[in-house]
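Enquirer: Protein chains in written order, with this note's numbering: chain A, 1 to 785; chain B, 1 to 157; chain C, 1 to 190.
Don't read these hints as lab results, they were simulated from the structure. Please note that the accuracy of each hint is not assured.
Calculated pairs, EDC-like style, for lysine to aspartate or glutamate (alpha carbon to alpha carbon, straight line, at most 16 Å) [stated by the list, open to error]: (1) A:K172 with A:D411; (2) A:K274 with A:E74; (3) C:K83 with A:E131; (4) A:K652 with B:E92; (5) C:K88 with A:E137; (6) B:K150 with A:D174; (7) A:K8 with B:E96; (8) A:K48 with A:D105; (9) C:K83 with A:E130; (10) A:K447 with A:E756; (11) A:K652 with A:E443; (12) C:K2 with A:E70; (13) C:K2 with A:E618; (14) A:K147 with A:D691; (15) C:K130 with C:D174; (16) A:K189 with A:E756; (17) A:K50 with A:E70; (18) A:K348 with A:E303; (19) C:K83 with A:D135; (20) A:K779 with A:E764; (21) A:K649 with B:E118; (22) A:K652 with B:E96; (23) A:K308 with A:E396; (24) A:K191 with A:D174; (25) A:K652 with A:E714; (26) B:K150 with B:E118; (27) A:K106 with A:E137; (28) A:K11 with B:E118; (29) C:K83 with A:E303; (30) C:K88 with A:E618; (31) C:K83 with A:E126; (32) C:K88 with A:E692; (33) C:K83 with A:D53; (34) A:K11 with B:E96; (35) A:K11 with B:D147; (36) A:K488 with A:E618.
Not close to chain C: a few residues of chain A, all C-beta gaps over 12 Å, as computed [as the list claims (entries may be wrong)]: (37) V13; (38) V29; (39) V63; (40) T88.
This one's a predicted model, so the numbers in the text were calculated from it and none came from an experiment. Using N, Cα and C, we set each Cβ at its ideal position, and we do this for glycine too.
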Amino acid sequence: MTYKVIGKRVKRVEDPRLLTGGALFVGDVNLPDMLHAAFVRSDYAHAKIKSIDISQAEEIPGVVGIFTAEDMGEDWKPGPPLVSPPPTLEDVVFNSRRQVPLVKDKVKHAGEIIAVVVAETRYIAEDAVEEIFVDYEPLPAVTDLEKCLEPGHTLVHDDLDSNLAAHLVQHKGDYQAAKAEADYVLKRKFKLDRGAAAAMENRGIVVDWDQKNQHLMVWDATQSPIPIRNGMAERLGLRTHQVRVVAPFVGGGFGPKIMMFYAEEMVLPWLTMKLNRPVKWIEDRKENFYATTQEREQIQEVEMALSKEGRILGIKQSIIHDTGAYDPYGLTIPLNTQSHSMGPYDVKNYTSELSVVFTNKIITTPVRGAGRPQGIYIVERMLDIACREMDLNPLEVRRLNFIQPDQFPYDHEIIDQAFTNLVFDSGNYQPAYDKAVEKLEYERFIKEEQPRLRAEGKYIGIGLVPFIETTGVGPYEGARVAVEPSGKISAATGVGTQGQSHMTSFAQIIAEQLSVEVEDVSLVSGDTAEIHWGTGTFASRGAVVAGNAVLAAASDVRSKVLKLASKVLETPEEELELEGGLVRVADIPENSISLGELAVLANPFRGAVEPGTEPGLESTKYFGPAYGATAFGVHGMILEVDPETMMIKIHKYVTVEDCGTMLNPMVVEGQIHGGVSMGIGNAYYEKLHYDENGQLMNASLADYLLIFSTEMPEIFEVYHENTPAPNNKLGTKGVGEAGAIPVPAAFAQALENALEEFDLEITETPLSPNQLYELLHAKEEDNES
Amino acid sequence: MENTFELSVTVNGKTYQEVVDPRTLLSDFLRDQLGLTGTHVGCEHGVCGVCTVLLNGDPVRSCLLFAPQVHDQEVTTVEGLGTIDDMHPLQEAFREAHALQCGFCTPGFLTTLVPWLEENPDPTEEQIRVAVSSVLCRCTGYQHIIDAVKLAAENAR
Amino acid sequence: MKVEGEHIFNGTPGQVWDLFRDTEVMAAALPGTKKMELIEENTYEAVMFVRVGPVAGEFSGQLLISNEDYPRQYTMTVEGRGKPGFMKGVGDVTLVDLDGNQTRMEYQGEVQIGGRLAAVGQRLVDTVAKSIISQAFEILDQVLAEQAKAAEEGREAVYKESSESDYISAVAKDVIKNILKRPDNDGDEE
Chain A
1 MTYKVIGKRV
11 KRVEDPRLLT
21 GGALFVGDVN
31 LPDMLHAAFV
41 RSDYAHAKIK
51 SIDISQAEEI
61 PGVVGIFTAE
71 DMGEDWKPGP
81 PLVSPPPTLE
91 DVVFNSRRQV
101 PLVKDKVKHA
111 GEIIAVVVAE
121 TRYIAEDAVE
131 EIFVDYEPLP
141 AVTDLEKCLE
151 PGHTLVHDDL
161 DSNLAAHLVQ
171 HKGDYQAAKA
181 EADYVLKRKF
191 KLDRGAAAAM
201 ENRGIVVDWD
211 QKNQHLMVWD
221 ATQSPIPIRN
231 GMAERLGLRT
241 HQVRVVAPFV
251 GGGFGPKIMM
261 FYAEEMVLPW
271 LTMKLNRPVK
281 WIEDRKENFY
291 ATTQEREQIQ
301 EVEMALSKEG
311 RILGIKQSII
321 HDTGAYDPYG
331 LTIPLNTQSH
341 SMGPYDVKNY
351 TSELSVVFTN
361 KIITTPVRGA
371 GRPQGIYIVE
381 RMLDIACREM
391 DLNPLEVRRL
401 NFIQPDQFPY
411 DHEIIDQAFT
421 NLVFDSGNYQ
431 PAYDKAVEKL
441 EYERFIKEEQ
451 PRLRAEGKYI
461 GIGLVPFIET
471 TGVGPYEGAR
481 VAVEPSGKIS
491 AATGVGTQGQ
501 SHMTSFAQII
511 AEQLSVEVED
521 VSLVSGDTAE
531 IHWGTGTFAS
541 RGAVVAGNAV
551 LAAASDVRSK
561 VLKLASKVLE
571 TPEEELELEG
581 GLVRVADIPE
591 NSISLGELAV
601 LANPFRGAVE
611 PGTEPGLEST
621 KYFGPAYGAT
631 AFGVHGMILE
641 VDPETMMIKI
651 HKYVTVEDCG
661 TMLNPMVVEG
671 QIHGGVSMGI
681 GNAYYEKLHY
691 DENGQLMNAS
701 LADYLLIFST
711 EMPEIFEVYH
721 ENTPAPNNKL
731 GTKGVGEAGA
741 IPVPAAFAQA
751 LENALEEFDL
761 EITETPLSPN
771 QLYELLHAKE
781 EDNES
Chain B
1 MENTFELSVT
11 VNGKTYQEVV
21 DPRTLLSDFL
31 RDQLGLTGTH
41 VGCEHGVCGV
51 CTVLLNGDPV
61 RSCLLFAPQV
71 HDQEVTTVEG
81 LGTIDDMHPL
91 QEAFREAHAL
101 QCGFCTPGFL
111 TTLVPWLEEN
121 PDPTEEQIRV
131 AVSSVLCRCT
141 GYQHIIDAVK
151 LAAENAR
Chain C
1 MKVEGEHIFN
11 GTPGQVWDLF
21 RDTEVMAAAL
31 PGTKKMELIE
41 ENTYEAVMFV
51 RVGPVAGEFS
61 GQLLISNEDY
71 PRQYTMTVEG
81 RGKPGFMKGV
91 GDVTLVDLDG
101 NQTRMEYQGE
111 VQIGGRLAAV
121 GQRLVDTVAK
131 SIISQAFEIL
141 DQVLAEQAKA
151 AEEGREAVYK
161 ESSESDYISA
171 VAKDVIKNIL
181 KRPDNDGDEE
């Protein structure tokens, strides 16, 4: 095939509508007779509800109804478990507790919904919410991860006998034996906190029950429309064909929009069927902090056994992970942490004990990185600290420990979040690492620039962190490709799009197979009417799993095209060429037929379609990988700290990414830039501050600090390596989360280096100017005493 | 509606006479009452800038204004900057440089940067970076947005 | 959130103690107070309008006095709820007898806030709390001065009604002063 489109910087087909304000987001859906919902949310993190007084709210003109858990009667049900614990592990403790539509009896986190008001306008609905008085009996809030497991502690779930949500242990090799042989054993405790995804578009849902047609139409800013459709149908006692879910343009997902059966997703469909009118709810930013899931704390105790050269002989780890008030998403995040706690290194002995606890805080579900940053953080920190204490070169130690190319596929013998063995499929780490060292001008910085700048009184440091990212996991995705009589191509896939450019990058795959222009391919993602089977956009798997399904379907259509053309043109297939939307006989180009004409011929009005074939030039294919594709990367940064204000400036940031085949390099760059911007936020600016009452103290963008352009690096360079994935035809690996994964670890390294004279050891993330100030002053006091 | 206000306002060159609830935010008025949904709402507390529109040519946060405050004035939204068949050069540059991913914040950047570029036709990268810092974006990391502004400035010369 | 400080009153500890037990005086000292009633021994019920930045609304709740050691010290426990959220606090108050008819009141306590107040007003709560307290002290100083004067002149004390708008603008001024304060400046202007 000579026509190549994959790998090109093709401009996006979705852009014109987005740029001119003509793209539909959920908030833009406006239906006749539409009602608006607003929610009464609990102020308290843990409280019994004594009474709810709606009498004054009901009087407000324009209020159509006010509903509580009692009103839902038998329709009241908690959400379904989304991810079960791994069936492939032994001795797993897992207490499944899921979020509820409206609170009955006891509130378990601040922001839980106690009542819903439905009114003619959003303004009236919110007025009514203000007039509803809830009488609470506050209870002590469960917020401390370590204390909450002590006997006699207040319980989040009274039907359990502790706050333990889950417990499991993973083993590989024999850590104790490795420790016995070690020259050096290092032990540290880490506190890791993540944050909110804070997509620019908050969540939202519009539902419309058509009584005459017995059909439910749903617009939902979700990353997984098909499972939502399936679950909603089941909850409402409807058939799947009675429910259509559309995720239109979605303004950023980053994880929380794949949490399914949020309370609002359970309440609104019930309301529209009850009231027989469309109902709309769009989350506002403050609500987003309480109503949308986030990622939070892990406390880890880590022990690393090393040889005197710095070879990692074994790692032992215990993790306490905060799942918030419920655990619908199973153990995905901490399992990812475990999968990344050995980094890109050849570690033969590993033991990791995981305890997940319930707290009276908002539910924890994956946010870009989904537990991977935490694993990379601890392994890189341990190596950095070991290098300092053992006086070893940090670059050499990485080289010594990298998994070698001939060791792939490398089976880590532990279970990953997809419930399969953690297998790293392919990789070639050293060249990428060397490239990063070179592009960052690491040696020159350490030897020349840093000493010079230090002499000028500047606090400037360098950080370099390699990492792996598990991507492209199953179970499967599907795609449908069809040639239309116009000769244009229509396609559909089940993975929703929240900015990942699927409409372009998948179109590129199809365009290449069928030799058409990218603009002639129209791809729909996120509409359950277009494709019936799928899971969703998560875990950096869109390009790998859906992309390969698109390839399979497009390739099948290509075969059908050539087969039919061969008959029509009475020429063997080998002598046919596909170019510019036409099938031609190789040496007789006038003898040709267009794709459109073939499509018409394939769907005859009379005559017969051959038995064993299908009408049309269409194909639906699925792709389900046995295990995922492992991407690799290195991030390096040069960072300056102002010793008085503790504000930082990133002078240079270099990334070397190996995500196998790139569908569209422009898109990959954008993903990395965006990922790094979230990583920088997570490392130094963003933190969800909960107090001991489970109260969120910074639930607004004024105090939860997302970074602007001025906090990004002054110089940002992105480089690529390509170790193709062996297990999928595209050879591609995911890259959606890569940008965010190593950043906190790189920050810790760079800050320690910049502040070297203070001998700082950083074992927590995120940091902030205040936090750094505290650490430095605690260190000064230590030094003085 | 108990309390009403008779609003006259020109949006994207067209004059509207509308009866509004006086406490209607400008962002809601544009989106819900006029159907101009290109202006998006990100925070309703004036931080993110996604709702930025032009009021008599100057960028303002439409979530921090009440509809009556634009009585007899001129408002420009992203829909007024260009159409699919006739995009503004900055919109073209955004597409060229891949300066948008989910596109939710994009209208806020466009309305802010179009007048800015007119006043600063030959900006340095540093100046562009500062101008771009008026609006939040969670997808792009801003790098390509800065590239787009650079490109638009170059193309104009 | 810690709330602590001290203030010197021109009066005996006994006078100061009684002042703080006088519901009419307290209602006047905290503008925005819609109600302040002694419902049981040492238990007051109050309704107060509070504004903290963009968050405003009525709080209703209870104030409990305990650990009384007249006229030297007591503990005050407060719990209030309203549309803006909730708050609860515990504080210890000590009255130190200074010579020359003066008393130093020392207070220290912990306040916890929740709901919208915490989410949006948290940064300002600290400043607003201090401002409310310092203004209350100003008013109480005036009350004590008036009491002293009235005693001298042998008449009943007359209290000036404090205006809510004056109060709100004073709080706003304090907030701005606090924001503009440089970190190396120490202490309030008292």
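Enquirer: When the hints from earlier in the document are held up against this structure, which numbers fail?
Expert: Of the numbered hints, 4, 6, 12, 13, 16, 21, 22, 24, 28, 29, 30 do not hold.
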